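K.L.:
Sequence:
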Amino acid sequence: MASSMTFLCEITSGNAFLNRSFAFPSVPREAQRLSSGFHGVKFRQIAVEVKRRPWREVRALKNSHWADPTDTDINLSDIPVLSNSEVAERLRTNQEQHSNQHYMAMFSSIFGGITTDPAAMVIPMDDHMVHRGHGVFDTAAIMDGHLYELDQHLDRFLRSASMARIGLPFDRSKIRDILIKTVTISKCTQGSLRYWLSAGPGDFYLSPSGCPRPALYAIVIEGGSIPDQRGVRVITSTIPMKSPQFAIMKNVNYLPNVLSKMEAEENGAFAGIWLDDEGYVAEGPNMNVAFVTADKELLMPHFDKILSGCTAKRSLVLAEKLIREGMIAGIRLGNVSVEQGKMADEMMLIGSGILVKPVLQWDKHIIGDGKEGPVASALFDLILEDMKSGPTSVRVPVPF
1 MASSMTFLCE
11 ITSGNAFLNR
21 SFAFPSVPRE
31 AQRLSSGFHG
41 VKFRQIAVEV
51 KRRPWREVRA
61 LKNSHWADPT
71 DTDINLSDIP
81 VLSNSEVAER
91 LRTNQEQHSN
101 QHYMAMFSSI
111 FGGITTDPAA
121 MVIPMDDHMV
131 HRGHGVFDTA
141 AIMDGHLYEL
151 DQHLDRFLRS
161 ASMARIGLPF
171 DRSKIRDILI
181 KTVTISKCTQ
191 GSLRYWLSAG
201 PGDFYLSPSG
211 CPRPALYAIV
221 IEGGSIPDQR
231 GVRVITSTIP
241 MKSPQFAIMK
251 NVNYLPNVLS
261 KMEAEENGAF
271 AGIWLDDEGY
281 VAEGPNMNVA
291 FVTADKELLM
301 PHFDKILSGC
311 TAKRSLVLAE
321 KLIREGMIAG
331 IRLGNVSVEQ
341 GKMADEMMLI
351 GSGILVKPVL
361 QWDKHIIGDG
371 KEGPVASALF
381 DLILEDMKSG
391 PTSVRVPVPF
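Here the sequence shown is numbered in UniProt numbering, starting from 1 and rising by one per residue.
Some hints here could point you the wrong way.
Here are the computed distance ranges between Cβ atoms for each label pair [what the hints assert, rightly or not]:
no.: 1; residue 1: Gly330; residue 2: Arg172; range: 19 to 25 angstroms
no.: 2; residue 1: Glu278; residue 2: Ser389; range: 24 to 30 angstroms
no.: 3; residue 1: Met343; residue 2: Gly210; range: 28 to 34 angstroms
Under the rule of at most 20 angstroms between Cα atoms (straight-line distance), these lysine to any residue pairs were calculated in the SDA-like manner [said to hold, decoys possible]:
no.: 4; residue 1: Lys296; residue 2: Met327
no.: 5; residue 1: Lys296; residue 2: Arg324
no.: 6; residue 1: Lys388; residue 2: Pro227
no.: 7; residue 1: Lys181; residue 2: Arg395
no.: 8; residue 1: Lys305; residue 2: Ala247
no.: 9; residue 1: Lys321; residue 2: Lys305
no.: 10; residue 1: Lys296; residue 2: Arg395
no.: 11; residue 1: Lys313; residue 2: Glu339
no.: 12; residue 1: Lys181; residue 2: Asp171
Source of the hints: derived by calculation from the structure; they are not laboratory data. All figures in this text were calculated on a predicted structure; none of them were measured in a lab. Built from N, CA and C at the ideal position, the CB exists for glycine as well.
Using the sequences and the accompanying hints, generate a full structural model.
P.N.:
Pasting the structure below:
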């Protein structure tokens, strides 16, 4: 859901719960098409163009994603005031016509249950996660009816919540049960589970002291094929990365990550690589980075200043097999300079959404022989095998 545009609407009815504004998390890029019911309203898209220059020079260009704030051709008398049922119907129609993902089930502690209607998958606009960024999240892949590394992700989720000073609406065991139950209701055997802890709704102030209780949300997204193993190009990101205090927690403040990804795409690359405050390799916008050195060591940056990637940590365990097979000589966590990284035999990105993706070029420098390397390929196969037939410690069966 992090990659989706947030659609804002206000619902009013006799229902006290519905008399508030909501953020609708499942609207696609073409959200401006909702204008079909607003006669006289014109929409234009806006994209962010990021040149290879300092981040302060990022500038906006017009395209069709957002309404032009300078457009005065708006007839306010044609903007309808909608009933609760009309809003629900428009949300449902938009979801059916324009969503590029399939949302199978959502749990919300706000309404205290699970819904399978994507049009009802909304969160309150006064939730502090929406207007203050006071929330954390995590994920788990659904593979062949099993949740992969659910407990590892859940532990990180709760650590992030503690660092963000967000209390728990339920204990760990109940949160785990809720997540599994949501997947059960979804009947999804291949896809992903995403979940959030928020300071909760209550008001639009900065402090969460007015929020009655924290909120838990979870959503199941169907689909997702096996990631592409083809190699990619990366660039050194000019977008400042988060300070370690915030980088090590998986919070919802992903604007630096988004801008880094956009910067990479504008330059024909897959991702941007962040460097830490000492100039060492840190991480990508939503993946870890690893290298195979000339001495055949699998080398990965320390996790003390970056997010502790569950897939990356699991890959270090699985890579022990590559030592036994003689493919690598050892495994090491340590500082990696840019020069050292660019001179490596192999470079790869590791994350739950991509598994292992080889890097063939970093900035203008070709990595190794410019081809997908054997270690990256072997690690990809090991992780995929682990997802399909790994031990019970990493595969939680979903009771359908």
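K.L.:
Give a verdict on every hint.
P.N.:
Against the structure, the hints come out as follows:
1. Gly330 x Arg172: 19 to 25 angstroms: 35 angstroms, violated
2. Glu278 x Ser389: 24 to 30 angstroms: With a Cβ separation near 41 angstroms, Glu278 and Ser389 fall outside 24 to 30 angstroms, so the hint is violated.
3. Met343 x Gly210: 28 to 34 angstroms: With a Cβ separation near 54 angstroms, Met343 and Gly210 fall outside 28 to 34 angstroms, so the hint is violated.
4. Lys296 x Met327: Since the Cα atoms of Lys296 and Met327 sit roughly 8 angstroms apart, the hinted pair holds (cutoff 20 angstroms).
5. Lys296 x Arg324: It holds: about 13 angstroms lies between the C-alpha atoms, which stays within 20 angstroms.
6. Lys388 x Pro227: Cα-Cα ~14 angstroms, so holds.
7. Lys181 x Arg395: Given pair Lys181, Arg395 holds - Cα atoms ~16 angstroms apart, limit 20 angstroms.
8. Lys305 x Ala247: At roughly 6 angstroms apart (the allowed maximum being 20 angstroms), Ala247 and Lys305 satisfy the hint.
9. Lys321 x Lys305: 28 angstroms, violated
10. Lys296 x Arg395: 30 angstroms, violated
11. Lys313 x Glu339: It is violated: about 24 angstroms lies between the C-alpha atoms, which goes past 20 angstroms.
12. Lys181 x Asp171: 15 angstroms, holds
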